[in-house]
Amino acid sequence: MSIEVRNLNYIYNEGTVFEKQGLRNINLTIEDGEFIGIIGHTGSGKSTLIQHFNGLNKPSSGTVLYNGDDIYKKGFSKKQLRSKVGLVFQYPEYQLFETTVLNDVKFGPKNIGLSEEDIDNNARDALEMAGIPKEMYNVSPLELSGGEKRRVAIAGVLAMKPKFLILDEPTAGLDPGGKNEILSLIDNLHKKDGVTIVLVSHSMEDVAKYATRLVVMNDGEIFISGTPGEVFKKYRELEKIGLSAPQTVYFLKELKNLGYDVNTDIITPDEAVREIVKKIHVKRI
Amino acid sequence: MIKSENLVYEYKRNISDNKEDRIRVLDGLNIDIEDGQFISIVGHNGSGKSTLARHLNALLMPTGGTLWVNGMDTSDENNTLSIRQNTGMVFQNPDNQIVASVVEEDVAFALENIGVPTDDIWRRVEKSLATVGMIKYREDAPNHLSGGQKQRIAIAGILAMKPRCIVLDESTAMLDPGGRKEVIDAVRELNSKEHINIILITHYMEETIYSDRIFVMNRGRIVMDGPPEHIFSDISMLKKYNLEAPQAVYIADRLRKEGFVINKPVLSMDDLVSVFADYKIGVGNVDRGKKS
Ligand SMILES: Nc1ncnc2c1ncn2[C@@H]1O[C@H](COP(=O)(O)OP(=O)(O)OP(=O)(O)O)[C@@H](O)[C@H]1O
Ligand SMILES: Nc1ncnc2c1ncn2[C@@H]1O[C@H](COP(=O)(O)OP(=O)(O)OP(=O)(O)O)[C@@H](O)[C@H]1O
Ligand SMILES: [Mg+2]
Ligand SMILES: [Mg+2]
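Residue numbers (our numbering), protein chains in the order written: chain A, 1 to 285; chain B, 1001 to 1292.
Isolated chain A, as found in the complex (with noise of 0.2 angstroms):
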């Protein structure tokens, strides 16, 4: 299975005098099992983009491929499209639309057809592995908080079972122990159930944590792809297109400046404790 999308361009408004290209010339395949990380400075054109993997975005020229099916073709089924490639929209505001919790959960599941017992498990799983308590459930999502808000959005895709999670920035207002859970939730997917994962993230430590694909996005094009360790090397071209490497990078250079023998393509903490504790011997009192 994949996703494939090839010379692909998207205008805004085309034709009008607001007319704006979104992405251009885009080529990326995502292969079954992957987990890529995309990342980009505001406006780059991440949302625009993922918005073409299921069908929500229509390219102005260039086709997107489902296992190999142009998935604009005539007589393609967006409907059985999306309840493989399930997307978290960046604001969960323009998710969130029914009466209750629960409601707004099964949304998907109901429509892509699944029997109410099924519907129902789903949806109620789904919010437990959001970390939503069950006395929310019958809350309107509107009275939500923000991080709340943002973990229903989540348990509604979830509850599809998709092939394909594609999340757009999906720790944004989340507390740092929500965000951990929530990633470790789409590693686990990722690992276990083989759910290939495309996460859209400002957080390069997230991306440098999890991804095994870096996609650097600049001005509506490719700017480069590879591994977080190859990718995060480049942190100088990095910092010209308004990113960054993790603090990590940063602190072993200055340790190499200093004399101290490291290795510095370490993008993690973790990594960087265990090679401190390796390569840093000071006597013993």
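The set of hints was computed from the structure by calculation and includes no laboratory data. Check each hint, because a few of them may be wrong.
As the list claims (entries may be wrong) - Ranges of calculated distance between the beta carbons of each label pair, as one might list FRET restraints:
id : chain 1 : residue 1 : chain 2 : residue 2 : range
1  : B       : N1078     : A       : R236      : 43 to 51 angstroms
2  : A       : K253      : B       : A1141     : 55 to 63 angstroms
3  : B       : R1054     : A       : V277      : 41 to 49 angstroms
4  : B       : R1221     : A       : N103      : 29 to 37 angstroms
5  : B       : M1237     : A       : N7        : 50 to 58 angstroms
6  : A       : N9        : B       : G1226     : 25 to 33 angstroms
7  : B       : T1066     : A       : V277      : 26 to 34 angstroms
8  : A       : R236      : B       : M1237     : 46 to 54 angstroms
9  : A       : G68       : B       : R1221     : 21 to 29 angstroms
10 : A       : E135      : B       : M1237     : 24 to 32 angstroms
11 : B       : K1012     : A       : D125      : 26 to 34 angstroms
12 : B       : R1054     : A       : V17       : 37 to 45 angstroms
What the hints assert, rightly or not - Computed, partial: chain A to chain B, Cβ under 8 angstroms:
id : residue
13 : G68
14 : V139
15 : G146
16 : G173
17 : L255
18 : A272
Glycine residues also receive a C-beta, built at the ideal position from the N, C-alpha and C atoms.
Following the hints, complete the assembly by docking chain B with the ligands onto the known chain A.
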């Protein structure tokens, strides 16, 4: 100056068709914030941060206890206008806060609304755009700016009203690393140069290390209140409140557990680097051992 005595807020919520429940979201807060302070507020989702923020400019009024802003009781509607003029709010989504199609008009918008004379408006607009470093974008369209730039425009709009206090409710949550840094640098400067009160609500612990005090909220209460080095000295406590320490603090803590002796207080990566630098030149703050 912001002060409260036993501040309580309860939302009404329909729990079933005809049953209404009151949920207490602020549970007896006693706050005392002096002028010119930089306060960060952290806490789990639903702990009451935004509800508290909405009290600071009288968008919400206490259902119990009293809150004074600049000596004015926020429950008294005669004070509302003056409180709003002195307390500016910046929210999470930069797009929702921009109203005009030209940057300088956007900054002027609120001033026109409160009847500031025209000459004065343009002077204030110019000064506040300069303060946030956006003067060269004054004639641009806001929708061509980056998220961090939009947030700085929003801050400029508030500055132009000459408030004594700016409340930022997760204003950096949707920004790229560059934009986040821009906004934090801008508010730090406003605090140190213009002595404007800053109330920074955030889930990014790294952003709080520059503040005078951090409030930790938990289930509607302030459970910790102190300078960053105090708040981040107890990582296991923070975990209980669904929080974590900044990365440099985390790394220093892990290294200490591995037997490194780090005596200097560490909050930022720079602090951590300087610990290792000291050791290199023989000051010797990094030590392995004391185990024997
Ligand atoms: N409906 C629209 N009409 C016109 N232009 C738009 C529209 N939506 C987005 N754009 C523009 O397209 C570009 C890409 O936007 P997009 O939302 O994909 O960026 P992003 O990388 O997701 O940014 P962020 O990190 O802020 O979410 C931006 O310049 C944006 O201003
Ligand atoms: N309009 C409302 N009606 C009823 N309850 C509400 C309303 N707004 C918020 N709440 C509840 O009040 C509690 C506190 O919400 P608040 O928005 O102050 O939290 P917060 O600390 O800002 O959380 P977050 O970090 O998620 O933004 C939450 O449990 C929320 O569900
Ligand atoms: Mg986006
Ligand atoms: Mg909030």
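> Was the hint right that A:L255 lines chain B, CB cutoff 8 angstroms?
Replying inline: holds, 6 angstroms
> Hey, does the A:G146 contact hint survive, CB to chain B under 8 angstroms?
Replying inline: holds, 7 angstroms
> Is the hint on A:V139 kept, meaning its closest Cβ partner in chain B is under 8 angstroms away?
Replying inline: holds, 6 angstroms
>> Would the hint on A:G68 be counted as holding, given a Cβ-Cβ threshold of 8 angstroms to chain B?
In response: violated, 34 angstroms
> Quick one: are B:R1054 and A:V277 within 41 to 49 angstroms, going by C-beta?
Replying inline: 47 angstroms Cβ-Cβ, so the 41 to 49 angstroms window holds.
>> Given a hint of 26 to 34 angstroms, does the C-beta separation of B:K1012 and A:D125 actually sit inside it?
In response: holds, 31 angstroms
> Does the Cβ distance between B:N1078 and A:R236 fall inside 43 to 51 angstroms?
Replying inline: violated, 56 angstroms
> Does 46 to 54 angstroms hold as the CB distance between A:R236 and B:M1237, or does it fail?
Replying inline: Violated - the Cβ-Cβ distance for A:R236 and B:M1237, about 38 angstroms, lies outside 46 to 54 angstroms.
>> Quick check on a hinted range of 50 to 58 angstroms for B:M1237 and A:N7, using CB atoms only.
In response: holds, 54 angstroms
> Okay, B:R1221 versus A:N103 on CB: inside 29 to 37 angstroms?
Replying inline: Roughly 32 angstroms apart at Cβ, these two residues keep to the hinted range, so it holds.
> For the hint on A:G173, does the least C-beta distance to chain B fall short of 8 angstroms?
Replying inline: With a minimum Cβ separation of about 5 angstroms from chain B (threshold 8 angstroms), the hint on A:G173 holds.
> If you take the shortest Cβ to Cβ gap from A:A272 to chain B, is it below 8 angstroms?
Replying inline: holds, 6 angstroms
When each numbered hint is compared with the structure, violations occur for hints 1, 2, 6, 7, 8, 9, 13.
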